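Got two chains here, each in a separate frame; can you build the complex from them with the hints?
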Amino acid sequence: MTARRLAPRVIALSYLGLLLAAPVGLVFFRTFEHGFGPAWDAVTTPEAQHAFWMTILMVVVAVPVNTVFGIVCALVLARHQFRGKALMNAAVDLPFAVSPVVIGLALILVYGQGGWFGGWLTAHGIQVIFSTPGMILATIFVSLPFVVREVVPVLREIGTEQEQAASTLGASSWQTFWRVTLPAIRWGVGYGVVLATARALGEFGAVSVVSGKIQGRTETMTLFVEQRFHQFDLTGAYAASVVLALLAVATLLTMNLLGSRTEGR
Amino acid sequence: MSIKVVNVSKRFGDFVALDDVSVEVPEGSLTALLGPSGSGKSTLLRVIAGLEQPAGGCVEISGANATRLPAQKRGVGFVFQHYAAFKHMTVRDNVAFGLKIRKRPKDEIRRRVNELLELVHLSGFADRYPAQLSGGQRQRMALARALAAEPNVLLLDEPFGALDASVRKELRIWLRRLHDDVHVTTIFVTHDQEEAMDVAEQIVVMNDGRIEQIGEPHELYDHPANEFVMSFVGPVNRLGDEFVRPHDFELMLEPNGTTQEVMINRIVHLGFEVRVEFTLPSGEDAWAQVTRETAEQLELEPGQIVYGRPGRSRVFN
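Protein sequence lines correspond, in order, to chains A and B.
Okay, so the first sequence: first residue is 1 according to our numbering, each after it adds one.
Okay, so the second sequence: first residue is 1001 according to our numbering, each after it adds one.
Here chain B stands alone, though its shape is the one from the complex (with noise of 0.2 Å):
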């Protein structure tokens, strides 16, 4: 189901958490909300799951005005960061709840349950409580009992902010494979760009209450609207008013006309990547990423004086 929100504005006391904003999730998509933190993108998931009352505008699901429906009517499924699992009930019954609450028949649920258990891979465990489990299983408990009573639309507010770097990879392959296969219309927050990158269809990048812009992911990257967003989607060099891209200075042993001195002060090897730290005539430092082979080429050393360029780079104004 799509998902219309309309000037939706919100604020918490003084502080203005939405500051007029809209935006459109096509049916059957899956997009982020990307942004730094109190820019807003948690405020807005829970305005359209219906937990926050906006100010002003109005939240459409799949056509129909429901910014006046609460929360348990919007038929919305909700996966919150600390995973808000039920601690009294065993796994089967966290995954049962949904469907409880709908009266749906006892060996309806049941089959439902296993089912929904064997979509997170947790069918060993419908009988452990969530203490007993670990935050990625939990996290994935938290989405089967949000997928359970069939919402149109699923929400999840920084779903792997709270685990380990590699569970949390690992989950959000799983994530997009999930997607893949149910195809409910999904929207997550996230803070971090190469999650919003590595998941999504759709980008929607926000900054102080406001949207910055929206895109697919190699648009944003490559044509971004602003400052803001190209230095949040990505790594990026200010060279007075213009905006470079470490991957877009080239490097050389030979000046060209188009070339400024630089001094490199430091060398780091991250395996295919080098990234060259250097100085320019200006005295501003800055940073080129290039392959271990132009590195081994150019045979780079600290200390060594090289001719470099941006081979593209933006101003904004």
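Extracted from the complex, chain A is given alone in its bound form (with noise of 0.2 Å):
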């Protein structure tokens, strides 16, 4: 092996180490340094129990709500001709670009007390800010792009001609659409989802505004890391962390078994 070889693998080696393995270890390290029942205390008690689900409705109300129309806006950007395209494939885009923060503050400017709607709703008897429709708002916002993004190209590279097969041999568009068009994209709305469901999980910074933080209520396990984290329980923080990492480290597996199982058939 010559130095030459060998040079651009210990930089990209050392970085990753440095920068993701390091920290993320120490964290399981800490967790578990004085044994695994402080850790399994810290994750049990009503309030971490209560984060742990509330970060678990965020994934399941959000992550099938952005690929159900990641996959429209994906038909409509890659198949469709019409003005305004351009703005609306920025538009998906906004999420990456503008801090959590900014949204979450957007969010109660639309439902807070006196905001656009806020007024309306609080009248019907919804709160949706300090409350959890405003951190399913806040987690659907900041997880969008993934599906949209990974389907467009993967749209794209299939091209037409399978879906125009399938109308020609008397599919109807609906047809065309779940037994053509699905199985075709399969892989980029797996990634996508996988993506969006890694960001529903750590998201901190919009919930965080709209939250309110309220214990036992309104706080997901990120939240719940932070506030455990302010009061100087490090145990509960780092176990709670590894939660996290744990369902991340999950959502990746279940993917690539999926994905195995049916590249196999």
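Because the hints were derived from the structure by calculation, they are not lab data.
Bear in mind the structure is a predicted one, so any value in this text is a computation, not a measurement.
Where is the CB? At the ideal position from N, CA and C, for every residue including glycine.
Treat the hints with care, as some may be off.
[As the list claims (entries may be wrong)] Okay, the calculated beta carbon distance ranges per label pair:
id, chain 1, residue 1, chain 2, residue 2, range
1, A, ARG5, B, ASN1265, 57 to 67 Å
2, A, LEU257, B, ASP1208, 52 to 62 Å
3, B, ASP1180, A, LEU257, 48 to 58 Å
4, B, GLU1273, A, ARG5, 22 to 32 Å
5, B, ASP1164, A, ARG5, 35 to 45 Å
6, B, ASP1180, A, PRO64, 50 to 60 Å
7, A, PRO23, B, GLY1124, 52 to 62 Å
8, B, ARG1110, A, VAL72, 48 to 58 Å
9, A, GLY205, B, ARG1110, 54 to 64 Å
10, B, ASP1020, A, LEU182, 50 to 60 Å
11, B, ARG1011, A, LEU246, 56 to 66 Å
[Stated by the list, open to error] Example chain A residues on the side facing chain B (calculated, C-beta under 7 Å, incomplete):
id, residue
12, GLN162
13, GLN164
14, SER167
15, THR168
See below:
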């Protein structure tokens, strides 16, 4: 092995090691420093459990919504020509460009008391801000681009011939979508879902602004980590972080597993 | 089923793809749409299939106006140049697609698919994926898929265009035989005049979005309607206003009053056929196609001066 070939490898590995592996590894180490017991106790308090289920709720609502609408948006962007398409294309990337904190504030302006819909919503007994609906909206907002961005290039690549063939064979557009288009883009959709899930799990800024951080009510796992940290409960903060990391790893593994199963037919 | 296209026009932006095109395809026939790229032949086929909407005019399939009918309801089988195989389905599922959409009973589907796979010689490949097939096999699969639901009309868009020369020849003989067996009204698009003449009973020659001539292969060759058809359906020399096929140019050793002096530049032996390239006194270059026998009798050599005349020529205004 010559130095010339070795050098990039060393650089890449040390970069990843120092910036990714070491901090994450250290969190794991600190969590179980005093054994499994304290860590388990820290994440099984009612408050922690509530935060865990809140995070799961965010994912379970935001990801399917963004998957369905993401596929629709991708079809429109890849297959249709219309005025304002460039604008729509840019709008999809907005959550990437705008800081989550700003997104949170924007949601308060629209749905909060004195906001556009705030008065109407309050009059009908619906509270969006400082409550679960607002947190879900914030999570949907920040995880919106992933499915669209993964699916558009796949749609462009497969072209429209298979869909045309299906229509000449008697398939309606609905049948064509389910039997031809969706199976053809399933990898793009799958990858988009993984990324959106990861984003929804880890979202902090926007949710933090709209949630009001009410313990045991509007706290997700990430907010719980911060709260524990500020109260000098480091074991609790580390243990909750490990739970978040494990959720993310589980998402990736599920996707890989599904992938290898369908591929191995 | 017969097909009738009446005064169809189609534009893509400023480009006129079809300019007031009318054509009739009799039931059970095998028709070729022949023309250079950009001549509108594929667009015409796609209009018949319902994959493109014409700006004007109408399409009739077996006497019924189909102009506004979507592709899915026209009962056409369409074969694409690049196969358009469903990549995530096995060969069997590809062929069964149209039957499954029509919700036919399972054992009927199985029987029909087996029958078709037999017909296209793919019985041993039923459980493979399209990626595991060669180009020729994929195109045969696409044909079986198009035929599965017993279409009224079979439309093929440059079906052999993406294949090797040898596979192409084999498949066109095979398509010809298939048509003799199945007898479904068939239209195929090609830019290859030899392919069109080899396979089709009727050829529609297209150029610049218009139809130049419709006829049987020998009619087009012997009685071309215009300069374009003459030069598109076979090789041609242009001598002043006259058009001469190379095999109609006679060469001889002695002048006979109607001949011109020609100076031989090059002789190309292509087996039975010999190409003789020469220059006329007018300075025009031309070539003659003679048999090997004639070339040997005349003992032709480059640099030699012989005498020649067009045995048959055509002038168009």
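Evaluation of the provided hints:
Distance hint check for ARG5 of chain A and ASN1265 of chain B: the Cβ-Cβ separation is about 59 Å, which falls inside the suggested range of 57 to 67 Å. For LEU257 of chain A and ASP1208 of chain B, the hinted distance range of 52 to 62 Å is satisfied, since their beta carbons lie about 57 Å from each other. Our hint of 48 to 58 Å for ASP1180 of chain B and LEU257 of chain A holds, since their Cβ atoms are close to 52 Å apart. Look at GLU1273 of chain B against ARG5 of chain A: about 59 Å separates their beta carbons, and that is not inside 22 to 32 Å.
In this structure the hint that ASP1164 of chain B and ARG5 of chain A lie 35 to 45 Å apart at CB holds, the actual value being about 40 Å. A hinted range of 50 to 60 Å holds for the C-beta pair ASP1180 of chain B and PRO64 of chain A, which are about 54 Å apart. At about 57 Å, the CB distance of PRO23 of chain A to GLY1124 of chain B agrees with the hint of 52 to 62 Å. The given range of 48 to 58 Å is broken by ARG1110 of chain B and VAL72 of chain A, whose C-beta atoms sit roughly 36 Å from each other.
For the pair GLY205 of chain A and ARG1110 of chain B, the supplied restraint of 54 to 64 Å holds, since their beta-carbon distance comes to about 57 Å. Restraint check, ASP1020 of chain B to LEU182 of chain A: a C-beta distance of roughly 41 Å breaks the suggested window 50 to 60 Å. A hinted range of 56 to 66 Å for the beta carbons of ARG1011 of chain B and LEU246 of chain A is consistent with their spacing of about 59 Å. Because the beta carbon of GLN162 of chain A sits about 5 Å from the nearest beta carbon in chain B, less than 7 Å, this interface hint is met.
This hint holds: GLN164 of chain A has a C-beta 5 Å from the nearest C-beta of chain B, less than the 7 Å allowed. Evaluation of the SER167 of chain A hint against chain B yields a held restraint, the C-beta minimum of about 4 Å falling below 7 Å. Satisfaction of the interface hint for THR168 of chain A is found here, the shortest Cβ-Cβ separation to chain B being roughly 4 Å, below the 7 Å cut-off.
Going through the hint list in order, the structure does not satisfy hints 4, 8 and 10.
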